[in-house]
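Engineer: Going line by line, the protein sequences match chains A and B. Mapped onto our numbering, the consecutive letters of the first sequence carry residue numbers -7 to 288. Mapped onto our numbering, the consecutive letters of the second sequence carry residue numbers 108 to 399.
Just so you know, these hints were derived from the structure itself, not from any lab. One thing to keep in mind: the hints can contain errors.
What follows is a set of in silico ranges between Cβ atoms, one per label pair, in the way DEER data are often shown [as the list claims (entries may be wrong)]: (1) B:W175 to A:L271: 48 to 56 angstroms; (2) A:G152 to B:R182: 34 to 42 angstroms; (3) A:G27 to B:P177: 53 to 61 angstroms; (4) B:F223 to A:E175: 35 to 43 angstroms; (5) B:S260 to A:L71: 48 to 56 angstroms; (6) A:V212 to B:T174: 16 to 24 angstroms; (7) A:D146 to B:M146: 21 to 29 angstroms; (8) A:L275 to B:R222: 53 to 61 angstroms.
Residues of chain A clear of chain B, computed beta-carbon distances all greater than 12 angstroms [claimed, not checked]: (9) R55; (10) F62; (11) L71; (12) L81; (13) P113; (14) Q198; (15) Y227; (16) Y245.
Rough simulated footprint, nothing fancy, chain B against chain A, three-plus residues with beta-carbon under 8 angstroms [unchecked claim]: (17) 99 to 111; (18) 140 to 153; (19) 216 to 222; (20) 250 to 264; (21) 269 to 275.
Glycine is no exception: its CB is placed at the ideal position from the N, C-alpha and C atoms.
Residues per chain, in single letters:
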Amino acid sequence: MSRARRASTRAPLWLLLPAAVVLGGLFLYPMYQLGLLSVLDFTQAQVSGGQPTRFVGAENYTRLLGDSRFWEVLLSTVLFAAACVLATLAVGAGLAVLLTRVSRIPRLLLSLAAMAAWAVPAVSGSTTWMFLFDTDLGFVNQLLGIEGFNWMYDRYTAFGLVGAVVVWASFPFVMVTLYAGIEAVPKSVLEAAALDGAGAWRSFWQIMVPILRPVLAIVVIQSVIWDFKVFTQIYIMTRGGGLAGQNLTLNVYAYQQAFASSEYGRGAAIGVVMTLILLAVTLVYLRALRRSGEQL
Amino acid sequence: MTVTLERPVASAPATRAVKRQNRLAWIARHSIAIALAIMFVTPVVYLVLLSLMTSDQALTSDYWPNTWHPENYLRVFRATPLPHYLLNTVLYAVTATVLTLVSSVPAAYALAKLRFRGRNLMFLVVICVMMLPPQVVTVPLYLMWARYGLTGSLAPLIIPALFGDAFCIFLLRQFLLTIPGEYLDAARVDGCGEWRTLLRVVLPMARPGIAAAGLFQFFYCWNDYYGPLLYTSENEQSWTLSLGLASFRTVHHVDWNLVTAATVLAMAPLIIIFFFAQRSFVQGITLTGFKG
């Protein structure tokens, strides 16, 4: 017994070592460096050692926060991601329910189509949709009879198209997971509810949703993570942020500031601001989960 | 199909109306399902059709090849560095996935099944890291890899996998929570140390969860565009498929048939893997959800 106890107090350290190293070495240390860089004037000249690094205090931050472009990008990031999350969940959940209610062949077809959409790499997916929505040659414009209409000129059609690609690529996960979850709900429970006179709507909200809650939690978390991190589709479809940067989101903006113009200090300041925002979102979410009695 | 209950005897016309309505609803559901399936798969089919055209026809608005050219798939191998990109992608995806699993499983196990001080804090940190987009810490990481002269190679993409991945740890932990503690206690009573318990008892039971986490990771790496763009764009020798495909759009922009052929080749392995692994993937995720 004493041996077992000793093992179980010491073992976690070994087991956690890899994770501790990643969190320390690849997260906490970069975070520290990030904070440090964000108060320096650090550009290509400093990287190559041509000029000494210079401490500029909050200058990177005041410049960033005083830049109306930054706030605009922040707003469109949040709205775009929220729209993508909602659309993904709605489409995925709707189709999962639809799957349970159609016969075998359409179910197979729909699953296969979703699998194909899921498996297409983000780069290829973006390119393909650009083919389909091409100004002159695109299938969609031909179909709608609007040859010559460029979807990327207008800010909102461009965001809409990128959002459609994001949803197209991420709904299958939601659909497949929820479908499997719904199928796993014991039929006897539902039958009992029906016997007790519960309608479809009521048995959905009072039986399905509570049973599926853990699955739903994973699906929601995953969607939020994915959609706030969208980079590829925007970067490729709008060629790095659209006309005059009208389709920039924070991820692309940070990348451009830091690497396209080699303003590392400025890029670091954006990174710090993003981190604070996302940490706040995460903590609010965790609190909400805990309050609703979810044990994560 | 759905719950059928003996209805109390209803008047005949009412039953007929209900039947009619049910039939209409059935037709509506099925047509919606089929229409959506067609819609979702259109981009993929369109891509395949384009890849089988001549390069002249690919520049027109046709969507059905006049003549079929499956040899495009051979040409793309000779005309572009596709095999090279493919090799890099496989190298990146396979090693990163294996390393991530090896390092994440013990961490997930400790977070799920062992009690120690700081466990909740550590889990909180894992969740926070999971939420952060990679762009956040790129600047310092990039400068660090540049200092060691490793930018332009695949090393900055693969080495971090040695240290686990936050989402992987999270997913595995959720899965491991479903394993009843009695199994672990039994193993300990039999004199297994934590490592033996992990290897002999936990691993076999956690196989679906590990498969799901591994697939997630593999897909992520295969599709990763940001990482390769950041670290390898300066050196074409290290380009992966995603980077290569994105560049095809500009370099080979006249040969759309070849561009699309390369695209089809890049996604084919994923579709195939997916097709076979789908069941265990879904099983892994849903079992995660149904913890006791």
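Engineer: Hint by hint, note whether the structure agrees.
Structural biologist: Hint-by-hint comparison with the structure:
{"no.": "1", "hint": "B:W175 to A:L271: 48 to 56 angstroms", "verdict": "55 angstroms, holds"}
{"no.": "2", "hint": "A:G152 to B:R182: 34 to 42 angstroms", "verdict": "36 angstroms, holds"}
{"no.": "3", "hint": "A:G27 to B:P177: 53 to 61 angstroms", "verdict": "55 angstroms, holds"}
{"no.": "4", "hint": "B:F223 to A:E175: 35 to 43 angstroms", "verdict": "38 angstroms, holds"}
{"no.": "5", "hint": "B:S260 to A:L71: 48 to 56 angstroms", "verdict": "38 angstroms, violated"}
{"no.": "6", "hint": "A:V212 to B:T174: 16 to 24 angstroms", "verdict": "49 angstroms, violated"}
{"no.": "7", "hint": "A:D146 to B:M146: 21 to 29 angstroms", "verdict": "23 angstroms, holds"}
{"no.": "8", "hint": "A:L275 to B:R222: 53 to 61 angstroms", "verdict": "24 angstroms, violated"}
{"no.": "9", "hint": "R55", "verdict": "16 angstroms, holds"}
{"no.": "10", "hint": "F62", "verdict": "14 angstroms, holds"}
{"no.": "11", "hint": "L71", "verdict": "17 angstroms, holds"}
{"no.": "12", "hint": "L81", "verdict": "15 angstroms, holds"}
{"no.": "13", "hint": "P113", "verdict": "4 angstroms, violated"}
{"no.": "14", "hint": "Q198", "verdict": "16 angstroms, holds"}
{"no.": "15", "hint": "Y227", "verdict": "7 angstroms, violated"}
{"no.": "16", "hint": "Y245", "verdict": "9 angstroms, violated"}
{"no.": "17", "hint": "99 to 111", "verdict": "holds (count 11)"}
{"no.": "18", "hint": "140 to 153", "verdict": "violated (count 0)"}
{"no.": "19", "hint": "216 to 222", "verdict": "holds (count 4)"}
{"no.": "20", "hint": "250 to 264", "verdict": "holds (count 6)"}
{"no.": "21", "hint": "269 to 275", "verdict": "holds (count 4)"}
Violated hints, listed in ascending order, are 5, 6, 8, 13, 15, 16 and 18; each of the other numbered hints is respected by the structure.
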